[in-house]
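Number of protein chains: 2
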Amino acid sequence: MVTVNHDYLDLKGSYLFSTIAKKVATYQTNYPEAKIIRMGIGDVTQPLVPAVVEALHKAVDEQANMDTFHGYAPDLGYTFLREKIVEHDYEARGAHVEIDEVFISDGAKGDVANIQEIFGRDNKVAVGDPVYPVYVDSNVMSGRTGTYNAETEMWSDLTYLSATSENNFTPSLPTSHVDLIYLCYPNNPTGTTLTKEALKEWVDYANKEEAIIIYDSAYEAFITDSAIPRSIYEIEGARTCAIEVRSFSKTAGFTGLRLGYTVVPKELVREGVALRSLWARRHSTKFNGAPYIVSRAGEAVYSKEGKKQIKKQIAYYLRNAKMIREYLMEAGYEVFGGTNAPYVWVKTPAGMTSWAFFDFLLEKKQIIVTPGSGFGPSGEGYVRFSAFGEYESVQDAMQRITQ
Amino acid sequence: MVTVNHDYLDLKGSYLFSTIAKKVATYQTNYPEAKIIRMGIGDVTQPLVPAVVEALHKAVDEQANMDTFHGYAPDLGYTFLREKIVEHDYEARGAHVEIDEVFISDGAKGDVANIQEIFGRDNKVAVGDPVYPVYVDSNVMSGRTGTYNAETEMWSDLTYLSATSENNFTPSLPTSHVDLIYLCYPNNPTGTTLTKEALKEWVDYANKEEAIIIYDSAYEAFITDSAIPRSIYEIEGARTCAIEVRSFSKTAGFTGLRLGYTVVPKELVREGVALRSLWARRHSTKFNGAPYIVSRAGEAVYSKEGKKQIKKQIAYYLRNAKMIREYLMEAGYEVFGGTNAPYVWVKTPAGMTSWAFFDFLLEKKQIIVTPGSGFGPSGEGYVRFSAFGEYESVQDAMQRITQ
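Residue numbers (this note's numbering), protein chains in the order written: chain S, 1 to 403; chain E, 1 to 403.
Worth double-checking, as some hints may not be accurate.
One copy or any two copies: either way a pair holds, since identical chains are not told apart in the list.
As the list claims (entries may be wrong) - PhoX-like, lysine-lysine: derived pairs with alpha carbons at most 25 angstroms apart:
| id | residue 1 | residue 2 |
| --- | --- | --- |
| 1 | K22 | K266 |
| 2 | K58 | K365 |
| 3 | K124 | K208 |
| 4 | K365 | K304 |
| 5 | K23 | K35 |
| 6 | K304 | K322 |
Since the hints were derived computationally from the structure, they do not count as laboratory data.
These figures come from a predicted structure and were not determined experimentally.
Using the sequences and the accompanying hints, generate a full structural model.
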């Protein structure tokens, strides 16, 4: 008899953003006239920049001509893109990454969800708390998380790295051994960051414990403070303990275009096996490359014009984040993140739960945020505001809340 | 200590096409002047058709404008595309498929590799032999295939459905129970097909055994004979036993654009769980949608102009297949497939092994084919010719072989 993957059945509820979408759809059906402002899901609203648009048109024309047509991409992705990544994202910051350590993908979500697959099921996993749900769910789906305790809302075999206002959103190193550590900085959902010194402690810990850090730096483009590392490879020792996952989604508005990459250094060897060769094998067996036209769009992000245009777009979102911070602080809210990140993490008023405050904002203010508890137990009592909206909408939302 | 996924270590050699690429690269380094003709990997050579190019340009312009910009796609994919799929690929052929049973993806390879993940590890898997390597490898990587016997080149826990000239490439039903059955028609690699009557036997078997058929119909566009089903849902009873995977790669030259879809009917319930809900959960957790612009390109494939242009392109490749068949038969080769498929399956001469004939064609004729043994033990003694080349190159290759 066919059996299903019972690990899937252990998943709690629907994926967070699907749940929110359903709640909003219900509200919209009941109040079709309501002007809802979306500050929940971290989707961008600014259109693709001119340099990217131009590159796309040019690449589409190439695909229309037999002499310049491109079929399947090379296994690791197009070299023209991987060269630009190494040059601009790493060499320019004094970090050592080689071209054949860069794997192009159709986005960071797939990569962070799939990376666990190259590891054994017996690894002990640590995740930030609150955390991007994909890290937890992909490990639940692979049977690595043990049993769920509905009261604590925790998995028995997961180590939770709690980050709250009490520890200034800097989680302590684990007190017992862990194998795989998911870190995300600038953090989703809290919008907080780690200094080079703080990140160095994690790298040292991982090297000492022979652990692996899976470093999600999807939001690095929002870092304005030079003391904050954009890549984990800026930290000495990271090449022997860290995999880094990057995205074009937030950097250049590619959420609807799909492009990302993962770096697996050659020094990463466990049980005598190079992790790079395992990830290469996964890529060549289960993935068929990012589209040629999208790869060319990614290349354009690194052009002189592209960089200038992207920088302006990032500044636009950071201005939103600043406005959210200022309005909410003015109104007496406790506010975190949002200076080197597109997310503002806000303590709910009067001890409300995250979902209660979510419902309040939806029903009374017609504003969608993301309930902090959806990101893990330590997220309870917070909500996440996304700064990816249009300036005027964000301003409208802030006025609704504070008036 | 971090452990790696030991199931990955069980994989035999590199992925077939990577191995071929390396052999060819070595040859090219040694003989840089050689004019190599590629008839190995099934990659298309004709450019995108005008209707698709126009749709892409239009969609790129939409992405350049805030009012028409699209970020993340809906969980199952854009409705405009799923509606067209249901209308043209199913309703038009009298097959019942509902819009919310269609999941848009970035290609069939990922879907057929990932679909096994929703099933338990204890399912008994049957694959065609020869077979597209991804079905086997994705199950090896999930620990479902047992131990490998280097002599027979078979996995202990896999059931091989042998297809050779002896049984006219129509494998017999398994003699003992199996749970998951991968079928691919028109077949990759043999280019052979099943009649409706023959496919009905598989559907009846699966329903009787409560098995699941994973039906890969990536090459359905090449079917010219009306007695041959294009979809398994043309067969009565398929909705309770079959998942179908489809691709735009070969239909419309999307190998470099990436678009596919998988159909999971609501009737598919095992252990009381709807498989559709498991696949939906995988989609929403581990995938972030096909690009908007590529989805619009897919829509254009179903337009009046698009259909006409695509039909012409398919006819171009089928003319190649016919030429390959005729030249090789004239030269005394035993030839199969290639009438309702873009692949011609050819018996090696004088009892040569597949790789020996591959080496001969590469070194003496500068032609790349795919060795049949790379697709499984029953492929030994055959090679696959792809008809996806340019007409003039294919003709050149045939003249080299037959002169």
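For each hint, the structure was consulted:
| no. | hint | verdict |
| --- | --- | --- |
| 1 | K22 - K266 | between (44 angstroms within a copy, 20 angstroms between copies) |
| 2 | K58 - K365 | neither (44 angstroms within a copy, 36 angstroms between copies) |
| 3 | K124 - K208 | within (16 angstroms within a copy, 42 angstroms between copies) |
| 4 | K365 - K304 | neither (42 angstroms within a copy, 47 angstroms between copies) |
| 5 | K23 - K35 | within (15 angstroms within a copy, 61 angstroms between copies) |
| 6 | K304 - K322 | neither (27 angstroms within a copy, 50 angstroms between copies) |
Hint compliance for this structure: hints 2, 4 and 6 are broken, all remaining hints hold.
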